[in-house]
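**Q** Sequence lines, in order, name chains W and C.
Residue 1111 is where the first sequence starts when you use the working numbering, and the numbers rise one by one after that.
Residue 1141 is where the second sequence starts when you use the working numbering, and the numbers rise one by one after that.
Rather than coming from a laboratory, the hints here were simulated on the basis of the structure.
Some hints could be false.
Stated by the list, open to error - A few chain C residues that face chain W, going by a derived Cβ cut-off under 8 Å, partial list only: (1) Q1176; (2) E1178; (3) N1267; (4) K1268; (5) Q1274; (6) F1275.
Ideal placement from N, C-alpha and C gives every residue a C-beta, glycine not left out.
Residues per chain, in single letters:
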Amino acid sequence: MAENNFRALESANKGKTYFLLAAMGALTWLVAYAALTYFGAGTTSTIVPIAVGFALIGVWGSYYGSDKLVLTMTGAKLITREDAPELFNVIEEVVIASGLPMPKVAIVEDSAPNAFATGRNPEHALIAFTTRILEVMDRDELQGVIAHEMSHVANRDTLVSAVAATTAGAIAILSDFLTRMMWFGGGRRDRDQNQNPLALVVSLAVLILAPIAAMLLKSAISRKREALADATAVSFTRNPAGLRKALEVLAADSTVVRQKSNAVAHIWIESPLDGKSVSKLFSTHPPIEERIATLRAMESLGPTSS
Amino acid sequence: MKYIVIGAIALLVLFVIAQYNRLVRLNITVDEAFAQIEVQLKRRADLIPNLVETVKGYAKHEQGTFDAVVAARAKATSASTVADVAAADGALTNALRGLLAVAEAYPDLKASANFLSLQEELSTTENKVSFARQFYNDNVRSLNTAVKTIPTSFFAGLAKVSAREFYEVENPTDRNVPNVKF
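Could you build all of it, start to finish, from the sequences and the hints given here?
**A** Written as structure tokens, this is what we have:
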């Protein structure tokens, strides 16, 4: 069997995620180094572990309990086979194609068509659908959406975004602490030592700009994971047209999910945040037209045999 | 120097264990994937008597189609090797397509609630069969690649793992449109 396009896309997106996660690590290191230059070893060795600790506790809690937490945050209700036998049939099909365990299934009462997946590992996975998406989509489209969500589970995207959120959070806390300390003049015990003023200015700039850079990296990682999930979805269903049509339905629909909480924006299949108010660099999803074009290109490769 | 040698040996042992386990895991996954195909084929076989009875209620004169389905089902339930199961599976899929095509000609049948729910069950089971098939073949490909490529190929004999057979639905008429008799 020839190398299929979705396999190439999958490995490309995985590679890009590793690169971005490495960049995130490098940024953390850079911030710590800037703090060291500006404040000296004493302050830095106290502050950095505190910031990382805070971020870890916050994010780890939400990662570990992600399935339950997201249920409360989005108002999703768990359902059983009897509530929606057809939906369960389609989910079971994708589950067999993916070789993953059966996830929990939930419904969100909402007039916007959308769906999401969460859970710390495939055994604790949860996929949820708005009532509207079940009304507007046919079997093929729904299969595409489910495959996209199961791909997030297969690719462990809850973990990836937790790692990204932890680093971005640590950097934000660190930068916040340190800039406050600067205004109050505290912590600079090494002030009397002769230091290169240029190094101080650069460190200051790094500390101020790092949180923005971390946000940009976090969004970029999220976009790559979405693109990866589209490619993995095709590896499950071998039917790019289903997901493509589903995305077209989502693109044509202008209603957005009512809760516009930034905290859970990244988990939906289509971004619930208004595209115009968020610049492309900060958005958690690749532009939907781009995703449709990629899937269309896969369709033109012709049917892939199993 | 002594520690370097010990370390190198430890790494080598870990490496061998990792390769061995990878092969065994792949082999087990292939077994599980094949079991999944059989589960879905069994489900489909269980649906057939009910479906045939329902269609018979509306379309008594299609005895030839019913016989074909029943014969294909009998063959599918008795097959055991990968190649036999695959061939019988392909034949049954075809016979069922013929049956559904017959149903197209009877509007009363198409509208009946019983038929609609059976049709939904049958189409989801068909999808499950084909996804189980795809999952099996993907895993066979990973296993066969591992068995034939370095370094895992060195340990295939040790782990008693060998290349497996693909599940290929060999049926010349598989791609043809089923005949519809009016």
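**Q** Does each hint hold? Answer for all of them.
**A** For each hint, the structure was consulted:
no., hint, result
1, Q1176, "holds, 6 Å"
2, E1178, "violated, 12 Å"
3, N1267, "holds, 4 Å"
4, K1268, "holds, 5 Å"
5, Q1274, "holds, 4 Å"
6, F1275, "holds, 5 Å"
When held up to the earlier numbered hints, the structure conflicts with hint 2 and nothing else.
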